[in-house]
Amino acid sequence: MTVKKVFGRPESLCDVPTLYCGGCGHGVAHRLTAEAIDHFGVRSRAVGIAPAGCSVLLYKYFDVDTIESAHGRALAVGTGMKRANPDLFVFSYQGDGDLASIGMCETIHTANRGESITAIFINNAVYGMTGGQMAPTTLPGQRTTTTPAGRCVEREGAPIKMAEMMATFDGVAYSERVALYDPRQIRRARKAVFRAFEAQLNNCGLGFVEILAPCVTNLKMTPDKAQQWVVEELCATFPLGVYKDALPKETNESKPVPAAPERAGATAECGSVAHAD
Amino acid sequence: MNATAVMTQERTGKRALVQGNIALAEGAVQAGLDCYFGYPITPQNQVPEYLSARLPETGGVFVQAESELASINMVLGAAATGARVMTSSSGPGISLMQEGISFLAGDQLPCVIANIMRSGPGLGGIKPTQGDYLQATRGGGHGDYHTIVLAPASAQEMFDLTHKAFDLADTYRNPVLILADAILGQMKEPAYLEPAYPRLEIKKDWALTGADNRPARNIRSMYLEGDDQEQLNYTLRDKYDKIKKEIPMWESADTDDADLVVVAFGTAARIASSAVRMARIEGLRVGLFRPITLFPLPEDALRELASRVKRLLVVEMNLGQMLHDVRAVAGADVDVAFHGRPGGGVPTVREVLDKIKENIA
Chain A
1 MTVKKVFGRP ESLCDVPTLY CGGCGHGVAH RLTAEAIDHF GVRSRAVGIA PAGCSVLLYK
61 YFDVDTIESA HGRALAVGTG MKRANPDLFV FSYQGDGDLA SIGMCETIHT ANRGESITAI
121 FINNAVYGMT GGQMAPTTLP GQRTTTTPAG RCVEREGAPI KMAEMMATFD GVAYSERVAL
181 YDPRQIRRAR KAVFRAFEAQ LNNCGLGFVE ILAPCVTNLK MTPDKAQQWV VEELCATFPL
241 GVYKDALPKE TNESKPVPAA PERAGATAEC GSVAHAD
Chain B
278 MNATAVMTQE RTGKRALVQG NIALAEGAVQ AGLDCYFGYP ITPQNQVPEY LSARLPETGG
338 VFVQAESELA SINMVLGAAA TGARVMTSSS GPGISLMQEG ISFLAGDQLP CVIANIMRSG
398 PGLGGIKPTQ GDYLQATRGG GHGDYHTIVL APASAQEMFD LTHKAFDLAD TYRNPVLILA
458 DAILGQMKEP AYLEPAYPRL EIKKDWALTG ADNRPARNIR SMYLEGDDQE QLNYTLRDKY
518 DKIKKEIPMW ESADTDDADL VVVAFGTAAR IASSAVRMAR IEGLRVGLFR PITLFPLPED
578 ALRELASRVK RLLVVEMNLG QMLHDVRAVA GADVDVAFHG RPGGGVPTVR EVLDKIKENI
638 A
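Chain order of the listed sequences is A and B.
Using our numbering, you'd call the opening residue of the first sequence number 1 and step up by one each time.
Using our numbering, you'd call the opening residue of the second sequence number 278 and step up by one each time.
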């Protein structure tokens, strides 16, 4: 009788315990990203860009080349890498403060240039590593260490909706918001990450996945309560769904990435089907 | 190394009449520039304009970034892949880049950054100045680090030193800053636009190229465990000590019998050199010492000079920045006088000559 292995640690994920808090979404999001790296066979040409934040330790967990970026600059660093060597598979892994606050300028201009990079965006509505301050995605009324009375929209503005915003750029090939609160959502998140990889592999522009995940420590909740908060609160403000899918109908995963001068032609092949579900 | 070894090498071929900024850009191209990332700011705009047309001819990459902050981080990303990379800017743009320059120094990534200085503080003006000496030679951003700083004084040196800057960056895995001003950037002069020697080819066995049949690599400047961060700083210090020993460059003229030696770099040295020539015609025993590397400052040569002259006269287009370094090197036994013009003021030859006479009496 032969035994088929159906589940194991992805090759691109190091066999070490993470320093993340129990119930935090980073572990699952790391795994999904590593599964995509393995699935598409890009480990030998992948470079991961770590942000400032809890996931600055990305290099400990991913068995691929990695670099640490200044706070918010990951996609500018990625632009430099991808332009210098278009054969690299470049992915950034950023939090909400990193990508949507201090790095907003770099984020939207990278999107606008249509860089073929994959951006994994973890939205937990709070600054995790620095101790729970207000993020650009903090919910109205949400108490943080710098909004002790709750976020006041009149005073601090409303949460920024990145997946929707990214979908407005011609240079973005794929934008979806997903969550990790149950196995079904995790499977959807996996598909979204794969799609954002395909955007880069087909040279169609930026692939963007916003992952809603709880920062249990700063929410001061147990993991199960925190998941419930994602379902009831976070998802209410940040609706899940595909906001843009401009990839060709049938993507060819093994299609070689064209060299830089051919990019313009490659982009023209991509459709522009935008829909939300 | 004395400047004459690098700068006045026998050269054949024809000289071209070329603007300093273009000479700088072409020097980079001939050093094998792979990528340029930049953002417009006067008085350095000819650099990106020229490269936007020139790099496609050589298969290089040109990107106009959304800000200097983005430019320097694109430089960092491209440098991490092993490419030869540069950016250029001025004043407020260079200030914005300091975050990235600190990261490049901490990551030990090679790149070239040209600062065609404009007067400050703040938005300042576009007139020539040397007000960024301290920012350039101290590091400029946060943390204990240095960039190598080269100070050209002609269109020829804009070409030669930029070409050399890439070799230095690769050799020491360190950012190299070209510190020039609007006069050097905008002025047209005859120059040879072919390098005096071929570029170095240095194997970059640290570059992020994908973990293909080798262990994964990581580039970072944050070390949380034990005393790793302290050790990184010691490693950097050892590297800077090596740089101080190996690369000082300077030019000196008429110093053998001099009672007074003028110390100046860049445009100020060009002006001072005319004043020294006029003083010699009048029979005054005056010489010129021109540092070409500002970090490292040619301390040994300067110390030796200070030991045998009566007085040094530092001339700068600022209110006295290199002055402090010259005083520290010269020691208490020699007088160090100063003449400076800040905020876009350019000293005239007559003005410097008067200062020479005032100080030689």
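Read the hints as simulated data drawn from the structure, not as lab findings.
Treat the hints with care, since some could be wrong.
[Claimed, not checked] For lysine to any residue, the following SDA-like pairs were computed, each having C-alpha atoms within a straight-line distance of at most 25 Å:
{"no.": "1", "chain 1": "A", "residue 1": "Lys60", "chain 2": "B", "residue 2": "Thr512"}
{"no.": "2", "chain 1": "A", "residue 1": "Lys60", "chain 2": "B", "residue 2": "Gly503"}
{"no.": "3", "chain 1": "B", "residue 1": "Lys404", "chain 2": "B", "residue 2": "Val626"}
Every value quoted in this text rests on a predicted model; they were computed, and no experiment measured them.
We went through each hint and held it up to the structure:
1. Lys60(A) to Thr512(B): 23 Å, holds
2. Lys60(A) to Gly503(B): 16 Å, holds
3. Lys404(B) to Val626(B): 18 Å, holds
Consistency with the previously given hints is maintained throughout, with no hint failing.
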